[in-house]
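Can you build the whole structure from these sequences, using the hints too?
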Amino acid sequence: MDNFTVGVVVFPGSNCDRDVSWALEGCLDIRTKYLWHESSDLSDVDAIVLPGGFSYGDYLRCGAIARFSPLINALDDFVKSGKRVLGICNGFQILTESGFLPGALVANKNLNFICDDVELDIVSSKGGWFNNGDEKQTIMLPIAHGEGRYYCDSDTLKKLVDNELIALRYKNNPNGSSFDIAGITNEKGNVLGLMPHPERACDETIGGTDGLFTLKSLILK
Amino acid sequence: MDKFAVKVFVRLRPSVLDPAGEATKFASIKLGAEGIKSLRIGKMIEVKIEGNGENEVREKIDLLCDRLFANTVIEDYEYSLEKL
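Line by line, the protein sequences are chains A and B. At position 181 of the first sequence (counting the first as 1) the number is 181 in the working numbering, and the numbers step up by one without a gap. Add 1000 to the 1-based position in the second sequence for the working numbering, that's all there is to it.
Just so you know, these hints were derived from the structure itself, not from any lab. Do not rely on the hints blindly, as some may be mistaken.
[Unchecked claim] Computed from the model, here is a short list of chain B residues facing chain A with C-beta under 10 Å:
#	residue
1	Leu1017
2	Pro1019
3	Lys1043
4	Ile1045
5	Lys1048
6	Gly1051
7	Arg1067
8	Ile1074
9	Asp1076
Don't be surprised by glycine CBs; every beta carbon is placed ideally from N, CA and C.
As C-alpha cells, then:
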C-alpha cells in the first residue's frame, strides 16, 4: 500500500485539485499525482479524483466539454477494472455528463451560488465510501455550487432507490435536488459522485473531519 | 460540397424546473408586461457546415445535438437547416 497513488485530474478551470492533494497527502499520508486532462496514461495511478472547479469555464453545460478530454475517454477502462473514481462537485457533474453516473446537475432552485456547511444522511454503504462503522450516520460537509440540483426522471430515481445507489441525502435540501440527493454511486460501487466537498473537511482547524473517511476510502480494494 | 446554415434550439425538458426562466418571468411582470403564463429559457446554436447533401449534414447535426449540444437527460433539441 506504500506506493498507492491517487491521480488528481487537472482540467483548465479546476480549482480544488490542490485542496484534494493537500488533504490526501497532508492529512492522510496518501501519495498523489496530478494528471493533466490531455493525458490518457492511467497506468501508474490506483484511484482517481475528479476535483471541483469550473472545467472549461462551465461552457455549454457544467462538465460537458471535459467529457471529451483524452483522460475521460481513458476512464472507461479504469472504471471497468474496478478501480475507484471519486467525483467532487464539478467532478460529479463530469461523471453524469459522461454517463458514468445517471442523472444531471442543473441550476440551484433559488439561483443562488450556495456556500455553506450542510448536514447529510448516509443512505447506502455501497462501495464503503462512508462506512465508518456507525449503523446510521449523519455527517457535516461544506458545499459550494451554483449548479448542484440533482435531477433524474422517475424511472431513474426508482432504479437508484431499488439498487441502493443513493449514497448521501441532504437533511435540509438546499438546492432543490430530486429526492434530496447529494451523492450517488454506480452499481459496482467503485464510482462515487457528490456535490459536497470532503476535501474541505479533513482537519479540525478548518471546521471538521467528516470528509476524511471518504478520501481514505480511495485506498479500499 | 453543399453548404448549410443550421440553427439548433436546445430547451430544458418541460419536466425540469427552469429557475432562470421563473426569475425572468418575475422581472417581466415587474416591467409591466401582462398576460405572461410561462417563460422558459433555452439556447440557440448557429452552425455553418459543409457536406454531401442534406441527409449527410443532418446525420452530423443529429450526432452533435445528441452527444454535445444537448444533455438529453434534461434537455430537448430541434433544429432548422437552410441551404446556402
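(message) Which constraints among the numbered hints does this structure fail? Numbers only, ascending.
(response) 5, 6 and 9
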